[in-house]
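Sequences listed follow chains A and B, in order. FYI, the numbering used here numbers position 174 of the first sequence as 174, with every residue one higher than the one before it. FYI, the numbering used here numbers position 25 of the second sequence as 25, with every residue one higher than the one before it.
Quick caveat, the hints were computed from the structure, so don't treat them as lab data. Every value quoted in this text rests on a predicted model; they were computed, and no experiment measured them. No residue lacks a Cβ here, since even glycine has one placed at the ideal position from N, Cα and C. Treat the hints with care, as some may be off.
Below, simulated DMTMM-like cross-link-like pairs (lysine to aspartate or glutamate); rule was C-alpha separation at most 25 Å, straight line [as the list claims (entries may be wrong)]:
| # | chain 1 | residue 1 | chain 2 | residue 2 |
| --- | --- | --- | --- | --- |
| 1 | A | Lys186 | A | Glu68 |
| 2 | B | Lys77 | A | Glu131 |
| 3 | A | Lys192 | B | Glu45 |
| 4 | B | Lys53 | A | Asp20 |
| 5 | A | Lys114 | B | Glu72 |
| 6 | A | Lys186 | B | Glu16 |
| 7 | A | Lys186 | A | Glu119 |
| 8 | B | Lys77 | B | Glu16 |
| 9 | A | Lys186 | B | Glu72 |
| 10 | A | Lys114 | A | Asp20 |
For the chain B half of the interface with chain A, some residues (derived, Cβ under 7 Å), not all of them [stated by the list, open to error]:
| # | residue |
| --- | --- |
| 11 | Leu30 |
| 12 | Leu31 |
| 13 | Phe44 |
| 14 | Ser51 |
| 15 | Ile74 |
| 16 | Met76 |
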Amino acid sequence: MKSDPIEELRRSGEIVFTADGALIVSGLPLRLMRWIDAQLRQLGGSLTEIQCPALIGRDFLERANYFESFPHGATCVEATQRCGLLAPAVCYHCFGMLTNVDLNTPAEITCIGKCYRHENGGTDSAGRLWEFTMREFVCVAPSEVVQQQRRDWIEKIRSFADAIGLEGQVEIATDPFFGDASRGRKLLQQLKELKYEFSVALPDGSRRALASFNLHETFFTSRFGIRLFGAPQAHSGCVAFGLERWMLAILAQRGIDEAAQLCG
Amino acid sequence: MKNGRLRSTLFLDVSEFEAALLRFIQTELLLGSNLTLNVDGALFEDSIIDSLKILQLLAFIESAIGRSIPDEEIVMKHFRTVRVIAERFGGEHRLDEI
């Protein structure tokens with residue numbers, strides 16, 4: 001019987017799922033995560049890069065209507081006489097940095113950081129984690145440019161997955177990008193195809209999204225006062241990757257030896 | 001017919017449905033805006049239809065065709081313009097729903 005690569009790496013101590021829903025990695029899984037991130041950065045080209053902090057200002061999330069869209073809220077941390085919030089996505093930092101900025105040309109930024117989501121209280125060994133690493137590519141540009149960027153990214157990721165032998169599909173996502181919203185918002189997102197996901201099949205038959213390709217229209221640019229010279233309204237979009245999920249999916253589908261060959 | 005009850009008929013053909021749909025959008029959904037829509041105008045660009053208005057639009061169409069529309073049918077190829085909606089859903093109308 002073929003052994004489960006993830007179980008094997010758990011036994012060797014190279015992957016540790018903490019009780020809190022975080023991941024400790026070393027050896028091959030760590031090399032693989034770094035390799036995946038390097039490949040994604042290469043696909044994104046030469047862009048301004050931001051290393052995002054885990055802490056995020058409440059004002060940024062409020063401005064992004066985060067608490068209205070996601071009633072379960074963000075993860076809080078407490079210290080003596082202070083409490084802070086942990087970022088649920090890294091692109092919020094990008095929009096925060098661009099607040100009230102007049103851009104002369106479209107902005108393309110890549111950012112990475114730890115993110116925290118505690119949705120329905122569940123974590124699992126396929127990559128549903130409370131704490132995880134997100135690589136994002138954010139674009140602020142005229143609408144047609146943002147849409148073209150997304151189409152380009154979808155093709156890049158299809159090709160990348162093919163090249164590394166990862167079987168997956170790009171499909172319109174049904175879970176709302178803007179939150180646990182009403183039927184109207186969900187249908188509007190579906191109809192306008194605002195969110196696509198790249199998902200893979202796991203050995204247990206379930207599917208897990210590894211990447212999302214999102215159009216925000218003017219949702220963030222209007223809330224953060226971001227303007228673009230020559231465009232009546234700046235639009236934005238982002239492409240987001242969960243690095244732990246990519247690592248776990250490659251190991252699950254390709255096995256330890258082939259994963260080791262990929263990342264050298 | 002359900003449970004022996006008769007439904008009211010609003011439209012007899014696709015073109016009548018199309019005209020009524022355009023009138024509904026113009027007078028109800030675009031009320032107070034300066035926008036003018038024609039049957040081939042893109043409905044879901046420039047935020048003409050928001051999350052509340054899409055539900056009003058669905059309610060109007062469902063009432064006209066006499067059935068509810070499942071979420072999986074609500075995709076752009078069926079909803080791009082008034083003409084597309086009328087052609088996709090207007091033809092479903094049955095004269096026996098009187």
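Hint numbers contradicted by this structure: 2, 4, 5, 6, 11 and 12
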